[in-house]
Amino acid sequence: MSGPVPLLYTRGVETYYGNIIALRGVDIAVFEGEIVTLIGANGAGKSTLMMTICGNPQARTGQIVFDGEDITHLPTHDIMSRSIAQSPEGRRIFPRMTVMENLQMGAMISKNGTFEEDLNRVFDLFPRLKERQHQRGGTLSGGEQQMLAIARALMSRPRLLLLDEPSLGLAPMVVKQIFQVIHELNRSEGLTVFLVEQNAFHALRLAHRGYVMVNGKITMTGTGAELLARPEVRAAYLEGGRQEAAQ
Amino acid sequence: MADIDKVGSAEEHQAPGALVEWEQRVAGYQGEPPFVQEPERDSAIVAALKDAAIAAGIAAALFLFFIGFRTDIDFGGLELTTRWQAFAISVIAVFFGRLLFRVLFWGPRQRGGRSLAARAMASRAGTPLSERFSRHSGLFGSFALAAAVLYPVIILLAFPLKDKQFIDLGILVLTYIMLGWGLNIVVGLAGLLDLGYVAFYAVGAYSFALFAQYFEVGFWFALPVAGLLAAFWGIILGFPVLRLRGDYLAIVTLAFGEIIRVVLLNWYTFTGGPDGISGIPDPTFFGLEFARGDDNLPGLLGIKYDSAYKQAYFFYIILALAMVTNFVTMRLRRLPLGRAWEALREDEIACRSLGINTVNTKLTAFAIGAMFGGFAGSFFATRQGFISPESFTFIESALILAIVVLGGLGSQVGVVIASIVMIGGFELFRDLAEYRMLIFGLLMVIIMVWRPRGLIATRDPSAVLKERKSISADMVAQGEGH
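So the protein sequences, as listed, match chains Y and D. All letters in the first sequence, in the order written, are residues 1207 to 1453 by my numbering. All letters in the second sequence, in the order written, are residues 161 to 642 by my numbering.
Bound conformation, chain Y alone (with noise of 0.2 angstroms):
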């Protein structure tokens, strides 16, 4: 690859869940600054790419590489404490925690002992979870759960973060406010963001470069701008988001 070296480039990824093949020579790159998104439709093979990233599955064949470091290998605790952080698919908050001790989970790997600078960080970001510390996650509503996802994955300080579906069964204000919050943490910090998505609409305007995948394939790629303009893209993923844009 020529020009800069990308924080994180995946080159020639295959996996298998058994005997079934999920992921065809994905090659994808995250550059420093950059907030990059993965659409496609339902079993397209997202999520796996996300989760081949962190190591659960691991990747047959390929490379993933980190940080100029090959990742490919490392075991999932491994590749996560090493400023990447995740946001996972459906949350996954720990619901009979409070979100104080959620947000403390969060910091655990981090080694940087900034923990009330940090915490305070994320309370601004999303003061709504300032209100609730005492709460006990599960009592939380969904969007607030996945502030709270967001909050927790941004405690290690990383320099990517990966959201995995963060608008999944929110409602459209509460997806409209999370993606405004990672636009502002992508700008005021230059935070790196790679968010797989099948709000298409929403994150390929978010977003600076777009991916479309299908079948475990990356058929389209290019700035969020010129996907959002492409008529198969427009056709495949995006009649729902039209209609919400004319509104």
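It is worth saying that the hints were derived from the structure and are not from the lab. Take the hints with a grain of salt, since some may be wrong.
To be verified - Heads up, incomplete: computed chain D residues facing chain Y, CB under 8 angstroms, no partners named:
hint : residue
1    : Ile411
2    : Val412
3    : Ala500
4    : Ala503
5    : Ser513
6    : Arg619
7    : Asp620
8    : Ser622
Unchecked claim - Covered stretches of chain Y (in silico footprint by chain D; criterion: 3 or more residues with CB under 8 angstroms from a CB of chain D, positions within the stretch not fixed):
hint : region
9    : 1296-1308
10   : 1312-1320
We put the CB at the ideal spot given by N, CA and C, even for glycine.
Keeping the supplied structure of chain Y fixed, place chain D upon it in accordance with the hints.
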């Protein structure tokens, strides 16, 4: 039914196709009415009576052989006696018990009456028992500790004739409290269902017994060794089950418990097999023994030897061991390791996504839980003076697990209450040996219906910045990771 509503007159259907379809559908009924009459429901009282009668019928069928007939060993065979009176009483008791239950708790279900579960939910919305306990848990803990410290003294003074028996009961309860606390680390905090905990109890007991037999070491030397060995076996068990969860984990741990017992039973040359090991020494007090003679502790103190004093000494040892278990657990809960255990119980995938090494987290939970089991086992060996594989059967594992579950997973106070009720209750009903298991089962059913998450179901947050504000954990659903 929706289709039938659509079947109106033929004129309503405009298209000719629809008319044909309508005719076919009517023909399909073949003269039967197009709707089915709702079956008549019994009134609440009749339904309750019927229900109670069915229960009584089932009870009669079961009790006929259990209670109706009794066989005693007689010269030249078995003697059969019938006990129709007891049989009738128990069947009638079942009938009225069921009726009462139905009227009081279950109510007329069809009429929108609230089920017992709904009532339980509603009662929990107020200030539930567990909330009250958690609010005063500090107070309760200090009170319980003070009571435990004074217990032998009070018993010695108040019941000079039965002192040994009562102190012995206290020792037994404390042993189970300690085992419950140890298992609570594995099951309550880390959420790893372990049905073979007694294996570590056995490892601890046999470590001390074998060390004492082959190397003639004392209790205080063997105690840490037994703990370490049990922890080692905890890790040995931990490795193969790392990838298992829930039911599968339970089965493997169950098998592990049985393997340990069967090995102890069959390795005759080393463990003595079913004969067990006897002559396990008593713990000393800074090198002094609790025994007759002027060179031993009672003699040196100038008091008359009484075996009750030795019992009291045992009591304080197990109290100290249990308090160490509690202290370590409470401290660990506030440390990253303990919090990682709890997070693991909530959602393993989320844990991994946060960079937590779930392998180490699970292994430490197994190891530390097993270590306390080993301590307790080593104490058991010295108290009994004799151990055999008989003492480490599956029922022990089940009992310890029942204490943890009934007390409320993860609750230290809950374990104390459940131990006192269950072990104390066991002893209380010793005279009714026949019905002990019956009452035990009944108690379990009642507690699980009344408080499905155990007596103390509230989880105290381990991290609080400013003021405490808590929402009952009862109101929160389990994590999706289960």
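Hints and how they fare:
1. A distance limit of 8 angstroms between C-beta atoms decides the matter here; for isoleucine 411 of chain D the minimum to chain Y is near 24 angstroms, and the interface restraint is violated.
2. The beta carbon of valine 412 of chain D is not positioned within 8 angstroms of any beta carbon in chain Y (closest approach about 22 angstroms), and the interface hint is therefore violated.
3. With 8 angstroms as the threshold, the beta carbon of alanine 500 of chain D comes within range of chain Y, its nearest partner Cβ sitting at about 7 angstroms, so the hint holds.
4. Proximity of alanine 503 of chain D to chain Y holds as hinted, the smallest CB-CB distance being about 5 angstroms (cut-off 8 angstroms).
5. Checking serine 513 of chain D against chain Y by beta carbon gives a least distance of about 5 angstroms; that is within 8 angstroms, so the hint holds.
6. Among the interface hints, the one on arginine 619 of chain D holds; its C-beta lies about 5 angstroms from the nearest C-beta in chain Y, closer than the 8 angstroms criterion.
7. The restraint placing aspartate 620 of chain D at the interface with chain Y is violated, with a minimum CB-CB distance near 10 angstroms, outside the 8 angstroms limit.
8. At about 7 angstroms, the closest approach between the beta carbon of serine 622 of chain D and any beta carbon in chain Y falls short of 8 angstroms, and the interface hint on this residue holds.
9. With a cut-off of 8 angstroms between beta carbons, the region 1296-1308 of chain Y has 10 residues touching chain D; three or more are needed, and the interface restraint holds.
10. Counting residues of the region 1312-1320 of chain Y whose C-beta sits closer than 8 angstroms to any C-beta of chain D gives 3, which meets the bar of three, so the coverage hint holds.
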